[in-house]
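Okay, here's what each chain looks like letter by letter:
2 protein chains.
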Amino acid sequence: MITLDTIQTAHDRIRPYIHRTAVLTNQTINDRAGAELFFKCENFQKIGAFKARGGLNAVLQVARNKEGAAITTHSSGNHAQAVAFAARQVGLPAYIVMPRTAPKVKKEAVLGYGADVIECEPTLDAREAGVRDVMQRTGAVLVHPFDDDRVIAGQATAAKELIEDTGLDGLGQDHPFDVILAPVGGGGLLSGTALATHYLSPTTRVIAGEPEGAADAVLSFRSGQVEKAPYINTIADGLMTSLSERTLAIIQAHVTDILTVSDAEIIDAMRLVWERMKIIIEPSCAVPLAVVLKHKEQFAGQKIGIILTGGNVDLGKLPF
Amino acid sequence: MITLDTIQTAHDRIRPYIHRTAVLTNQTINDRAGAELFFKCENFQKIGAFKARGGLNAVLQVARNKEGAAITTHSSGNHAQAVAFAARQVGLPAYIVMPRTAPKVKKEAVLGYGADVIECEPTLDAREAGVRDVMQRTGAVLVHPFDDDRVIAGQATAAKELIEDTGLDGLGQDHPFDVILAPVGGGGLLSGTALATHYLSPTTRVIAGEPEGAADAVLSFRSGQVEKAPYINTIADGLMTSLSERTLAIIQAHVTDILTVSDAEIIDAMRLVWERMKIIIEPSCAVPLAVVLKHKEQFAGQKIGIILTGGNVDLGKLPF
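These protein sequences, in sequence, are chains A and B.
Per my numbering, the first sequence starts with residue 1043, numbered consecutively.
Per my numbering, the second sequence starts with residue 1043, numbered consecutively.
Same shape as in the complex, but just chain A:
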């Protein structure tokens, strides 16, 4: 059970290691959306993504409680860097199982934080087998990318800061956030965002954005069971995983809706942020803005918080 106290304690624990990232606004994008948007810039976070928060909250506890001699995880993306970064902070070895197809630049980033990279075939079975092998061989503790309360509580601190730093919680004179949006992949960020918002700004709805080409969460949300996506084909490479029982339960309790967008809509929103806000966001990160621009009538005139999740893109492979 992740309580408000769990989230506050997580925040106190990770605060010395993270950036309190800026909340930016942009008049042109407000005009385009017909709403008032506040962007929580986790692209400026350590390792370039919010994942530093959850990784730190888990790894710092593993180290303090002496739960294991090392840390392991499997990831081809930002969570790999987050765990490698967090393990370095506490001086534990990190073993990151990565598919051999992962971009070289991502492997190098993980190596740059002093972690070991163990290559495997690009299947979930091979990745999980790789982690089991590391755990037996090294006594490492697994820090799962999202199916872990400590990770979820860490991710919750992004929405906590967004609400605290804008003061849009309904306690002040300003009208509170009508809605806070986050993208959904495995559901760690979305669960944390929904819980933080539930506790800190209870009148605010939480809505998720999901790519059409990885639309498992919207199905699971409606059926109440963990579903697979009908197909996986999207530029939003951080959002390809499916929910777990744990994240689905939190999402069903505290999320209002999940809306999908196409890759073309994601790329348009990403380009708008690059051109107008002059900041670099990755495709997964543009999904919530794409949702707002697609469903303008639903968000017209509202105060909207958006978690910009990360800025790790390969500049040699841009979609425009």
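Quick caveat, the hints were computed from the structure, so don't treat them as lab data.
Far from chain A by the CB rule (all over 12 Å, computed), these chain B residues: (1) Met-1043; (2) Gly-1076; (3) Gln-1103; (4) Gly-1133; (5) Cys-1162; (6) Asp-1175; (7) Met-1177; (8) Leu-1184; (9) Asp-1189; (10) Asp-1191; (11) Asp-1211; (12) Asp-1216; (13) Pro-1218; (14) Pro-1244; (15) Ala-1295.
The calculated DSS-like cross-link candidates involving lysine-lysine, where the alpha carbons are at most 27 Å apart (straight line), are: (16) Lys-1146(B) to Lys-1359(A); (17) Lys-1359(B) to Lys-1148(B); (18) Lys-1336(A) to Lys-1359(A); (19) Lys-1359(A) to Lys-1148(B); (20) Lys-1270(B) to Lys-1336(B); (21) Lys-1149(A) to Lys-1359(A); (22) Lys-1336(B) to Lys-1359(B); (23) Lys-1359(B) to Lys-1359(A); (24) Lys-1359(A) to Lys-1146(A); (25) Lys-1359(B) to Lys-1148(A); (26) Lys-1146(A) to Lys-1359(B); (27) Lys-1146(B) to Lys-1359(B); (28) Lys-1359(B) to Lys-1149(B); (29) Lys-1336(A) to Lys-1270(A); (30) Lys-1148(A) to Lys-1359(A).
Predicted model, so just to flag it, every value in this text is computed and none were measured.
Just so you know, even glycine gets a beta-carbon here, dropped at the ideal spot from N, CA and C.
Using the hints, position chain B against chain A.
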């Protein structure tokens, strides 16, 4: 004569219309440079560049003093947008003479601010003739991109904010800026930066960065006369113009040195900022950081302010 009072008055005049842009730092870039860098992010400024400051300071005075019925300038870049933006704020018509070879996206940005675009041949003679014609026909007042004390005083407010917001002026407990760097094209920003630094943080050196492919300022600085560049061929499209007598005089009085960098060094520095700071800067803007990375021994261990001048790039034509 641009005094401290001139700059303070300019700042008060333009403050309601501009952003007080953030000053960002980045550990990785500090480690790479072996120095402590503070980036003044004018890429987040209105119209995406510091030029909004000088344009506003001139146009607001033209309007208040009823000096003319309209505003005109010639520019293919950020100054065109700055004048169009400023003229719209005061409700004066703006006529912007642009070479017919200017990118369509830049013409559209100027049109988007409600200005008229007058196309001409891509030569300085044709541009100046175009402006003379507009002035005769419409009674417009010329706001030159840099050869104008009001423009220089406006540009000076960027360094003023950088010094004020960091407190690194030698009056507090912290060691002041050892050096502040700006790029040099026509010298408007560099002159303003040098004057603001001279008045507000007098122990701080001011150094300029210039592309090897538009290296007029370094020659003029050494000879004491306005010189032409040996050749013009650089990706830093905002820095192709030469100094004027006015800007050269200020630069000779208050600038310590001008250092040149190659286009390859500019692109490397630009990519480093995009990848590590997750912000979008244009090539001209990367020149001072390229200087610091090229001459590490000269800047080792120092506190360095850098004016990041703008973020208007064509995402369809990136150099990486």
